Amino acid sequence: MIEIKNVTKVYPNGFTALKNVNLTIQDGEFVSIIGLSGAGKSTLIRCINRMHEITEGQILIPNPVIYEMTPEERKKYDAVQADPSLAEKDPSLKRLLNIPPKVDISKLKGKKLRQARKNIGMIFQSFNLVKRSTVYKNVLAGRVGYHNTLETMFGIYTKDEKMLALRNMEKLGILDKAYVRADQLSGGQQQRVALARALTQESHLILADEPVASLDPVTTISVMDDFTRINKTGITILANMHHVDLAKRYSTRIIGIRAGEVVYDGPSSAVTDEVTMKIYGRALNKNENLGIEEGEASK
Amino acid sequence: MSASDVTQKPSLRERLRYQTVTIDLSPNHDGSMMRSIQKPRHLGRYLAAAIAILILVLCFCSINYSTFQGFKWDQLGAIFSDMFNPLPNSLKTWDAYWSYMWGEAIQAIWLTNEMCFIGVILGAVLSIPIYYLCASNINHNRVLRGVFRVINDILRTIPQMVMALILRLFFGPTLVTGIASIIVFTSGIMYQLMYEYIETLELSPFEAIRSNGGDTIQCIRLSVHPEVQPMFFANLLYTFEINIRASVILGYVGAGGYGFLLKTNFGSGYYDKIGAMMIPLFVEVIFLQIISNAMGRKSK
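In order, the protein sequences belong to chains E and V.
Heads up, the first sequence is in numbering that gives the first Met the number 0, so the first residue is 0 and it goes up one at a time.
Heads up, the second sequence is in numbering that gives the first Met the number 0, so the first residue is 0 and it goes up one at a time.
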């Protein structure tokens with residue numbers, strides 16, 4: 000669960016990108032953020048994994064320390080958090096009781112921050128792959144947070160990690176491209192490499208900053224279907240969308256942002272013309288949609 | 000055009016920078032579609048060109064031409080006949096000329112190559128952390144970047160001959176002096192070429208690795224390094240080639256190798272030996288040029 004509390008972001012040039020934003024993202028949700036260009040969608044997404052600093056407020060994320068625990072330790076931790084009286088019987092649990100389940104990512108530094116980022120995947124509009132590296136290397140780069148600097152310098156990955164990367168590539172249908180340079184792939188394939196990288200990272204949340212904005216309509220649908228499949232495995236997805244009909248079709252919840260403020264937050268089925276009026280300043284015409292047929296959208 | 004645009008007169012600064020061009024875009028040229036565009040004047044560029052021409056003219060005028068006696072064309076023939084002919088006072092026969100080329104000349108070049116190879120590899124490796132520290136899109140700490148750039152610029156500004164003379168004080172007149180000065184020289188060139196190249200790169204993959212939880216060195220290793228690697232090797236060959244030529248100077252200050260032999264021959268007036276030494280050097284430089292061009296093409 001991610002809690003965004005009273006977040007305000009002012010850029011160094013004085014532009015206020017986010018004004019007192021309050022949101023709670025539940026585990027397993029597929030949330031779309033819609034709004035005009037410059038409304039603050041990207042800023043919001045980037046503040047969550049702290050690619051951008053926030054000026055005020057808090058962004059509470061699950062404590063990354065929890066994910067570093069061994070399975071047994073994690074079990075004990077969950078038990079003692081659910082029932083604090085256990086710690087009185089077993090003093091060794093006291094340490095676990097004192098570990099807060101949530102931390103404010105905007106206060107984290109250095110290694111703690113990198114641990115937090117390790118648990119948050121990110122997908123970009125322009126894919127952001129290392130163009131000259133192979134697909135395989137790009138996907139393996141998702142494991143960077145699990146290794147120290149020296150291991151990365153010598154390109155050391157464990158056998159399990161390599162298997163995980165290959166399995167994720169297979170899942171997204173790019174396994175045959177494993178040893179092809181990333182810049183030789185089509186846009187859709189490149190975005191799948193980015194998705195495979197995020198999956199290999201084994202994060203519980205994927206942030207997607209306009210993931211389909213540079214793809215054609217057909218590829219858009221298949222990449223969005225990939226997102227849905229990933230979401231069904233329990234990974235929370237928070238995506239910026241340009242097309243309202245796409246957001247309505249794929250996500251369970253829609254957040255509308257206008258001039259840095261949340262003007263709509265609710266189920267995607269309840270997004271009516273009135274709502275788009277609030278978000279975009281006017282109702283959207285049919286020709287401003289991506290053009291998915293209603294019948295197709297219901298399947 | 001709105002009313003406020005008409006009433007608000009642009010400042011002098013604005014008028015110097017931009018010219019308002021009004022065009023009639025109507026199909027019949029009846030003035031019904033008058034549009035105006037702000038066109039930059041680029042006065043600064045014209046000023047800079049005028050200053051450059053002025054300096055050139057002043058330089059031309061200030062030089063004293065009275066000692067200039069014209070270009071001595073006959074020397075061209077003399078040089079060629081001295082260098083590419085066995086001279087009676089040194090090598091005497093063509094056999095000796097060729098055996099000198101295959102023997103001592105190539106041996107000296109080989110020694111210089113070894114010196115350059117060690118120096119260039121070590122210098123290039125040394126430059127890796129420096130060029131990442133100097134690239135403004137990677138190292139955002141202005142002070143640290145400035146310190147590294149100034150140190151490197153100072154080292155690079157020292158002529159290689161002076162550098163070799165200074166290093167000779169520490170290492171004595173040996174090959175080690177040559178290697179040390181090549182290391183300094185190479186890292187100076189490599190850092191300059193590479194950090195400027197890195198600054199032109201788009202760093203979006205860097206952002207991606209950072210969002211995966213990588214630290215700065217991991218981000219560089221995984222996202223920037225693969226992109227700059229071909230350029231690194233192309234520049235490595237380029238600096239190797241420069242150093243082969245520059246090592247002639249190193250020999251002059253006693254750093255050994257090719258230059259040392261050249262100096263000895265020059266002092267004794269054995270111009271044919273110098274000619275015999277030039278041929279393999281020429282072949283090698285051309286060869287290196289071809290390889291580095293091929294690599295440069297591949298990196299694009």
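I should point out that these hints are in silico values taken from the structure, not numbers from a laboratory.
The model shown is predicted, which means the values in this text are computed figures rather than measured ones.
Treat the hints with care, as some may be off.
[As the list claims (entries may be wrong)] Covered stretches of chain V (chain E as the covering partner; in silico rule of three or more C-beta atoms under 8 Å from a C-beta of chain E): (1) 219 to 230; (2) 243 to 251.
[To be verified] Cβ pair distances, simulated, as ranges: (3) E/P216 - V/L55: 53 to 63 Å; (4) E/T54 - V/R141: 37 to 47 Å; (5) V/V146 - E/G265: 53 to 63 Å; (6) E/A177 - V/S135: 33 to 43 Å; (7) E/A212 - V/W109: 56 to 66 Å; (8) V/L154 - E/G154: 41 to 51 Å; (9) V/S135 - E/R166: 57 to 67 Å; (10) V/R141 - E/K110: 39 to 49 Å; (11) E/Q183 - V/K38: 52 to 62 Å; (12) V/R141 - E/L174: 20 to 30 Å; (13) E/G154 - V/Q288: 25 to 35 Å; (14) V/S31 - E/Q183: 33 to 43 Å.
Heads up, the beta-carbon is just placed ideally off N, CA and C, and yes, glycines get one too.
Verification of the supplied hints:
1. 219 to 230: Contact hint for the region 219 to 230 of chain V vs chain E: holds, 7 residues under 8 Å.
2. 243 to 251: Answer violated; 0 residues pass the 8 Å Cβ test.
3. E/P216 - V/L55: 53 to 63 Å: holds, 59 Å
4. E/T54 - V/R141: 37 to 47 Å: violated, 23 Å
5. V/V146 - E/G265: 53 to 63 Å: holds, 54 Å
6. E/A177 - V/S135: 33 to 43 Å: Because 35 Å falls inside the window, the suggested range holds.
7. E/A212 - V/W109: 56 to 66 Å: Hint holds: Cβ distance 59 Å, inside 56 to 66 Å.
8. V/L154 - E/G154: 41 to 51 Å: Since V/L154 and E/G154 have Cβ atoms about 32 Å apart, the given range 41 to 51 Å is violated.
9. V/S135 - E/R166: 57 to 67 Å: With a Cβ separation near 40 Å, V/S135 and E/R166 fall outside 57 to 67 Å, so the hint is violated.
10. V/R141 - E/K110: 39 to 49 Å: 25 Å Cβ-Cβ, so the 39 to 49 Å window is violated.
11. E/Q183 - V/K38: 52 to 62 Å: Distance hint for E/Q183, V/K38 is violated at roughly 42 Å.
12. V/R141 - E/L174: 20 to 30 Å: violated, 45 Å
13. E/G154 - V/Q288: 25 to 35 Å: Check passed, 33 Å falls within 25 to 35 Å.
14. V/S31 - E/Q183: 33 to 43 Å: violated, 53 Å
The structure fails hints 2, 4, 8, 9, 10, 11, 12 and 14 (numbered hints given earlier, in ascending order).
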